[in-house]
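Novice: Starting from the known structure of chain A, fit chains B and C onto it as the hints suggest.
These are the residues of each chain, in order.
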Amino acid sequence: MDYVKTLPRLFDIEDTAMTETHNNGLTGRDVLSVDQFDRDKLAYIFQRTYEMREMVAQVGGCDLLKGHVLACLFYEPSTRTSASFIAAMERLGGGVIPITQGVQFSSVSKGESLPDTIRTLEQYSDVIVLRHPEIGSSKMAAEAAIVPVINAGDGTGEHPTQALLDLFTILDELGRIDGLKVAMVGDLRFGRTVHSLTRLLMQYDVSLRYVSPELLRLPMALMNELIDRGIPVRETHDVAEVIENADVLYVTRVQKERFSDPTQYDEVKDFFRITPEVMAQAKSKMTLMHPLPRVGEIDPVLDSDPRAAYFRQVKNGMFVRMALLAAVLGRA
Amino acid sequence: MDYVKTLPRLFDIEDTAMTETHNNGLTGRDVLSVDQFDRDKLAYIFQRTYEMREMVAQVGGCDLLKGHVLACLFYEPSTRTSASFIAAMERLGGGVIPITQGVQFSSVSKGESLPDTIRTLEQYSDVIVLRHPEIGSSKMAAEAAIVPVINAGDGTGEHPTQALLDLFTILDELGRIDGLKVAMVGDLRFGRTVHSLTRLLMQYDVSLRYVSPELLRLPMALMNELIDRGIPVRETHDVAEVIENADVLYVTRVQKERFSDPTQYDEVKDFFRITPEVMAQAKSKMTLMHPLPRVGEIDPVLDSDPRAAYFRQVKNGMFVRMALLAAVLGRA
Amino acid sequence: MDYVKTLPRLFDIEDTAMTETHNNGLTGRDVLSVDQFDRDKLAYIFQRTYEMREMVAQVGGCDLLKGHVLACLFYEPSTRTSASFIAAMERLGGGVIPITQGVQFSSVSKGESLPDTIRTLEQYSDVIVLRHPEIGSSKMAAEAAIVPVINAGDGTGEHPTQALLDLFTILDELGRIDGLKVAMVGDLRFGRTVHSLTRLLMQYDVSLRYVSPELLRLPMALMNELIDRGIPVRETHDVAEVIENADVLYVTRVQKERFSDPTQYDEVKDFFRITPEVMAQAKSKMTLMHPLPRVGEIDPVLDSDPRAAYFRQVKNGMFVRMALLAAVLGRA
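Residue numbers (the numbering used here), protein chains in the order written: chain A, 731 to 1062; chain B, 731 to 1062; chain C, 731 to 1062.
Here chain A stands alone, though its shape is the one from the complex:
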């Protein structure tokens, strides 16, 4: 993968269209799972992501998706993700139907099924972004819909756009993916971002380290898959064991709401807190990431550490989503 950061200008604000539409295999397709993305598709999306970033840096927005409407359907609120998609669509000149609150009060309370809601919304829109608390909901929506459906998180299932922005951030911060040592820290059992990023990283020549309390270890099935694929992988309870060699430290929130017993949460919540002392042991070029929100896993004094990439990671999310929206709508 050769990512030229000084990109050829493939977009032209005056024309409102990127020059060449070639068959990227994403036009009209749903984005449900990271498993849809092989290295070629990832290279394509990341190339487009760089173009989007360049476009925003230069002019803020363009008219590439003018005449297109995004239905942003969030059955559970997620300010970060919905805001990211809304900004992405608006910076591409498209319209947004923001249904980010209270779906529970309206059609759903009247007893409407998810497929009916989806088939209704697709009459108004050209693409649907769905966040839903139940695993499998995005697949169900995609089967009902003719327009592309993008999964923005379905319960403990997948959240593919988060994984894409995570991987893009690793690439962008370090210039490559192959050859890296990536350590993931925190709730590895319930954290879907860890699972999805792991599935993407499997396609590269990486070495993986998983740091968690016993209660929150990576699921066996995923661990077995890594072993079967021959990915170098190790588990540990202690960040100290991985910090010196890691190129990427991917920290996740231990979500209180995942625990049935709150005392268990209190036992582990500060277990993997990243502090200046921890960072002092890390490489000078290590990248510190977090899907956010954080609730204490990373000391805010680290925000000014150049290795702290989590807010750049947030911004990359908007650019990746711009690239995806353009791709599924056939404008990239």
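Copies of one chain are not kept apart here, so a pair can be met inside one copy or by any two copies together.
With a straight-line cut-off of 25 Å between C-alpha atoms, the simulated DSS-like cross-links for lysine-lysine are: (1) LYS1045 / LYS869; (2) LYS869 / LYS771; (3) LYS911 / LYS1015; (4) LYS1045 / LYS796; (5) LYS1045 / LYS1013.
Quick caveat, the hints were computed from the structure, so don't treat them as lab data.
Specialist: Then chains B and C, alone, in the frame of chain A:
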């Protein structure tokens, strides 16, 4: 009414304005009731609706309402209707103030009157769409406002844009309205869509059938008006009596929230379920409609039946609202 | 200050940019407090406000802020203020991320700090408007953010854009500020609009009258500051004492939610009701203002009195915010 589907191109995306503004009698006017629409006005709106559909099919959106802002004020949530108006405004290049949730938490909780809220919002916007649980609220709003107010449902009162999209769908599916046999099924007592559509159909040479449980019969006043106008009309408890001859079967939801006693709801809810067996008795060109959401009145296996028009009906709603917004804002 | 109402056309819809960007000292700056605005800055903003009003009157909207995105972050709902900012941004061609409901259900419920939420949103947006129930929150947000933060009300703290629109309205209604007698009525203790407007008026050659029940008198600190600056000022319990000489009567709502004891509220709520009888004693050119919503302080029959400026005041809010957004984004 001669609706040429291959329309002259009255819009031009480059110009951002439809060519000719003529006096359609709607500019600057409120849309409160179906009673405002005689056959001429309906013909005009439907002509514009076809143009909007053609425009969306070709280019997705245009700048006809650029520089205009719609305030979408929903005191009770209605995902379908608010999404439809939002998409309509955005596809015409206008802006939207989406107040589709939580009006109850803000100005209203501070004790503000509806006229004051309306007079406030019209300072920011060029047209107001209002959904409110109380009958007569849209009239009150329209009296307070200088800008046009569009009634998007006021309690058990009217919901004129729903009736317009229903009538447009009949026309579009069957090519005409005069001469048709229209059967309406379900909750004919509380269902305002039935009442409003009935009022529009009165202007045409149609034959009407009303199918409901005893508890949910069409209100006497409306029935008497039909009789006085000489419209051929019959009531029945049984879909089987009307299915063979109907050109349109308009099915409505029996809304649980309308019943004070939930056992009454349980008694009737499956009474008028439309199944493949029922549809086997219908004409091959019959149109099956439903204002949605449905909660079991129409078996989802019928969705693939070419006669099932309810999702096309949803989409027509966006086009009709585009036509209305353009009309009241004087851009059509 | 010489405000020429027939303005030179500094904007040009075709160019999408106002012609000349000069150093107004606001580009890239936060708007947190009225104390940031001296007479020169006020003159500048009001000049731009007149231009915005003229632009909207002529063409409704323009593309001045195309490619810019506003994050509208309201931790407590305020339909009026959020709608005003949304309309302002849309009429300037910018995009909006509307987070006007339910922030409490999402990131906040996951325990995210305000600075983290702000630093996240600024990745997507070019300017953040914040409404928050806690005093000092906007300052905290501004310290976290790189993009400009506009305070849209922080608890009992400031609400500077309200004060700017109030002052602009006085200027616009009466053609000047120096030399005026301004009377403020109602809840002078908790009413932050009164405090902020007072702070702005201090810079002018005005005479101030404060009318309130004993319980709700102007805070001592503010009163002392007025005295120290040599502003002619008097307090009274009785509107009748000020009505004859006032050029401006600024009435505020006595907010029930400010009282711990509801019987205290009931005692004072009708104390300062403005009726036709009161207005009969006022000057023919007096301006009657109110930040709205009102709950009985001003009799609605007065709405048709030409001196009743409160709905024009609302509209001026949109124009002032357009001017501010353009200014902090460096497009004015």
